[in-house]
Amino acid sequence: MTAPLLEVKNVSIRFGGVEALKNVSLSLNPGEVLALAGDNGAGKSTLIKVISGVYHPSQGEIWFEGKPLLLRDPQDARSQGIETIYQDLALADNLDVGSNIFLGREPMTKRFGFPVIDRAKMHDVAREVLQRLDIVIPERKLTGPVQMLSGGQRQAIAIGRAIYWNARVLIMDEPTAALGVPEQRKVMELIHSLKSTGVAVILISHNLHDIFAVSDRILVLRRGEKAGERLIAETNGEECVRLMVGDTYQALQ
Amino acid sequence: MTATTATLPPEPLDRLAWIGRVWPWLFLLALITFFEAWSQARIGRTFIFNGYNLQAILLAASAPLMLAIGQTFVIITAGIDLSVGFVMGLAAVILAQATLAAGDSNAALAIGVGVTFLVCLIPGWINGVLIARLGVPAFIGTLGMYGVARGAGFLSAGSGMTVSIDHEGLAWLGDGWTPIIVTVVFLLGAHIVLSFTRFGQYTYAIGGNPQSALRAGINVKRHLTIIYILSALFAAVGGILYTARYSAGAANAGESMLLDSIAAVVIGGASLFGGTGKVIGTLIGALIIAVIQFGLIFLDVNAFWQFIAVGVVIIVSVLIDQYKEKLASGK
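As you go down the protein sequences, you meet chains A and B in turn. Residues 22 to 274, numbered by our numbering, are exactly what the first sequence covers, in order. Residues 803 to 1133, numbered by our numbering, are exactly what the second sequence covers, in order.
In short, the hints are calculated from the structure, not lab data. Model, not experiment: these values are computed from the prediction. Note that the Cβ used here is the ideal one computed from N, Cα and C, for glycine as well. Heads up, a few of these hints could be off.
As the list claims (entries may be wrong) - Below, simulated SDA-like cross-link-like pairs (lysine to any residue); rule was C-alpha separation at most 20 angstroms, straight line: (1) B:Lys1080 <-> B:Gly1019; (2) A:Lys30 <-> A:Tyr185; (3) B:Lys1128 <-> A:Met169; (4) A:Lys70 <-> A:Asp114; (5) B:Lys1023 <-> A:Asp94; (6) A:Lys142 <-> B:Ile821; (7) B:Lys1080 <-> A:Thr164; (8) A:Lys216 <-> A:Tyr185; (9) B:Lys1080 <-> A:Val137; (10) B:Lys1080 <-> B:His993; (11) B:Lys1128 <-> A:Lys142; (12) B:Lys1128 <-> B:Ile821; (13) A:Lys131 <-> B:Lys1023; (14) A:Lys162 <-> B:Leu1129; (15) B:Lys1023 <-> A:Val75; (16) A:Lys88 <-> A:Asn61; (17) A:Lys30 <-> A:Gly249; (18) B:Lys1126 <-> A:Ser171; (19) A:Lys247 <-> A:Lys216; (20) A:Lys142 <-> B:Arg1000; (21) A:Lys70 <-> B:Ile821; (22) A:Lys70 <-> B:Leu990; (23) A:Lys247 <-> A:Phe36; (24) B:Lys1128 <-> B:Arg1000; (25) A:Lys162 <-> B:His993; (26) A:Lys142 <-> B:Val995; (27) A:Lys131 <-> B:Phe998.
As the list claims (entries may be wrong) - What follows is a list of derived Cβ distance ranges for each label pair: (28) B:Gly905 <-> A:Arg132: 24 to 34 angstroms; (29) B:Ala912 <-> A:Thr164: 25 to 35 angstroms; (30) B:Phe941 <-> A:Ser214: 41 to 51 angstroms.
What the hints assert, rightly or not - Selected chain B positions facing chain A (in silico; Cβ < 8 angstroms): (31) Gly946; (32) Phe998; (33) Gln1003; (34) Tyr1006.
Isolated chain A (complex conformation) (with noise of 0.2 angstroms):
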């Protein structure tokens, strides 16, 4: 087993009186899809924006590919290569693909002498990534606005983008939620070919089904703690469930 690429390692965060995190610890392989489960207000949010630079931890620290890692904002965890697709996918609805993959760090190139944007560079680049991806979307409709694709073209086009900029780590909140059934089964697809691309996934959802279809690990968190971790071939929904819900939680103690 190689060295893990992300390692969050006894974080905790308060937020005034309240201790939102306590003493929470991950691991994340290369290649490897984590689960984040837990009932609302368990800390999942909590602890994927400590990730993703969003929250500074009061107590512990990141390691990403055996060193440590100081977060100040999002961008440095970008430019790390730790994406994060939120629910709302963060996509500009009246632009087109390729506007909203090169959103914020457009291709310029020379016209008459003065820049400008290279909207040819920006399409055919859509057009590579959606492939990539195996996501058809007709020609015409790579031109309009992405207000006009079905959810899980947008979700596609969220994780095109990630990808694109070399997303090591992509977490994931909730990409299923909005979707219908055929699209939920889309975006499981998509995770598949992540896995195999060497992309780490967190993926944060309520859906077990979910998460049993992509994961090799699930954590699950209860108020604000590490309520356990098991390998999804080791573990069943069942036993997941009792780790959200607590009644093992004494026992576990």
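Please build the complex by placing chain B on the supplied structure of chain A, with the hints as guidance.
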């Protein structure tokens, strides 16, 4: 990217987008045809194939157009700038006062123009800070600036409402085709910025989803501040052209042009919900308004009909915009 063809695209939503793009052009064409026919029938003369009329229409379009170019940027970000009319008036007065104070050479005019831009930076910057940093709704922030610029304009004008200025260079700037050419230059510049630069791209992104723009690393607050400053500077150019054309700066120079500027943008296909709009669309919108206004004057129709006609066109444009929005969000 394929060129727009004359055939209707197959999908309903594409068809809608296509109609949204071409209807201002068709409407302008229909209006011109309508006035041409009316003119031929009523007075037996051509309306549009006449150099004088053409110049008059373009001149009538150019002043509100200058405000409308800045307004296009603002509306794409889902904002609005209600202060542009009186910032234009303030600019008209300041140009006259500053140039008079500096003498009657061309250097004096250059000083006057410089001072005008500097003065107009202030309301634009304050608008930007209020809206981008302090979170004041654009409608309210710029309404406040509407009052402030109005008062400042009249105070700067002194006892009379207008400041006359007899300056050769200035008169040249306002004569014949010159203001039209100046407008076209600014129009092209704005079009290039909006369509081909990162600045333009970010303007659309912020209008589409400010949260996404922020997460993509775009400095949304700074960008919005610059947009409101730009809007005020375009208003300043409008004021300069006004003073040049009439050899006098008037504090109420742009009073009637505020609504025309917003109307031009909306008729041109921009959405008040933000995220869409083109400078070329705004040009068409301004031409539509100018053709209605000048056409009705040319045919000696009571001037108050202009307001009704332009008002109806605005309402219809907003209805079309809302209908598009509804269809697009409902998929």
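Hints, verified against the model:
1. B:Lys1080 <-> B:Gly1019: Judged against 20 angstroms, a Cα distance of about 24 angstroms means the pair is violated.
2. A:Lys30 <-> A:Tyr185: Violated, at about 29 angstroms.
3. B:Lys1128 <-> A:Met169: holds (12 angstroms)
4. A:Lys70 <-> A:Asp114: Violated - the C-alpha atoms of Asp114 (chain A) and Lys70 (chain A) are around 24 angstroms apart, more than 20 angstroms.
5. B:Lys1023 <-> A:Asp94: holds (17 angstroms)
6. A:Lys142 <-> B:Ile821: Roughly 28 angstroms between the alpha carbons, so the hint for Lys142 (chain A) and Ile821 (chain B) is violated.
7. B:Lys1080 <-> A:Thr164: holds (16 angstroms)
8. A:Lys216 <-> A:Tyr185: Holds, because 15 angstroms separates the two Cα atoms, which is no more than 20 angstroms.
9. B:Lys1080 <-> A:Val137: holds (17 angstroms)
10. B:Lys1080 <-> B:His993: holds (7 angstroms)
11. B:Lys1128 <-> A:Lys142: violated (32 angstroms)
12. B:Lys1128 <-> B:Ile821: Since the Cα atoms of Lys1128 (chain B) and Ile821 (chain B) sit roughly 15 angstroms apart, the hinted pair holds (cutoff 20 angstroms).
13. A:Lys131 <-> B:Lys1023: Given that 20 angstroms is the threshold and the Cα spacing comes to 28 angstroms, the pair is violated.
14. A:Lys162 <-> B:Leu1129: At roughly 16 angstroms apart (the allowed maximum being 20 angstroms), Leu1129 (chain B) and Lys162 (chain A) satisfy the hint.
15. B:Lys1023 <-> A:Val75: holds (19 angstroms)
16. A:Lys88 <-> A:Asn61: violated (32 angstroms)
17. A:Lys30 <-> A:Gly249: holds (16 angstroms)
18. B:Lys1126 <-> A:Ser171: Roughly 18 angstroms between the alpha carbons, so the hint for Lys1126 (chain B) and Ser171 (chain A) holds.
19. A:Lys247 <-> A:Lys216: violated (25 angstroms)
20. A:Lys142 <-> B:Arg1000: Since the Cα atoms of Lys142 (chain A) and Arg1000 (chain B) sit roughly 15 angstroms apart, the hinted pair holds (cutoff 20 angstroms).
21. A:Lys70 <-> B:Ile821: Violated. Lys70 (chain A) to Ile821 (chain B) sits at ~44 angstroms, over the 20 angstroms cutoff.
22. A:Lys70 <-> B:Leu990: violated (44 angstroms)
23. A:Lys247 <-> A:Phe36: Since the Cα atoms of Lys247 (chain A) and Phe36 (chain A) sit roughly 18 angstroms apart, the hinted pair holds (cutoff 20 angstroms).
24. B:Lys1128 <-> B:Arg1000: violated (29 angstroms)
25. A:Lys162 <-> B:His993: violated (24 angstroms)
26. A:Lys142 <-> B:Val995: holds (19 angstroms)
27. A:Lys131 <-> B:Phe998: holds (10 angstroms)
28. B:Gly905 <-> A:Arg132: 24 to 34 angstroms: Since Gly905 (chain B) and Arg132 (chain A) have Cβ atoms about 43 angstroms apart, the given range 24 to 34 angstroms is violated.
29. B:Ala912 <-> A:Thr164: 25 to 35 angstroms: Violated: the Cβ-Cβ distance is about 45 angstroms, outside 25 to 35 angstroms.
30. B:Phe941 <-> A:Ser214: 41 to 51 angstroms: Roughly 47 angstroms apart at Cβ, these two residues keep to the hinted range, so it holds.
31. Gly946: Because about 29 angstroms separates Gly946 (chain B) from the closest Cβ in chain A, which is outside the 8 angstroms limit, the hint is violated.
32. Phe998: Result: holds, 4 angstroms to nearest chain A Cβ.
33. Gln1003: Since the shortest Cβ distance to chain A is 6 angstroms, the answer is holds.
34. Tyr1006: holds (6 angstroms)
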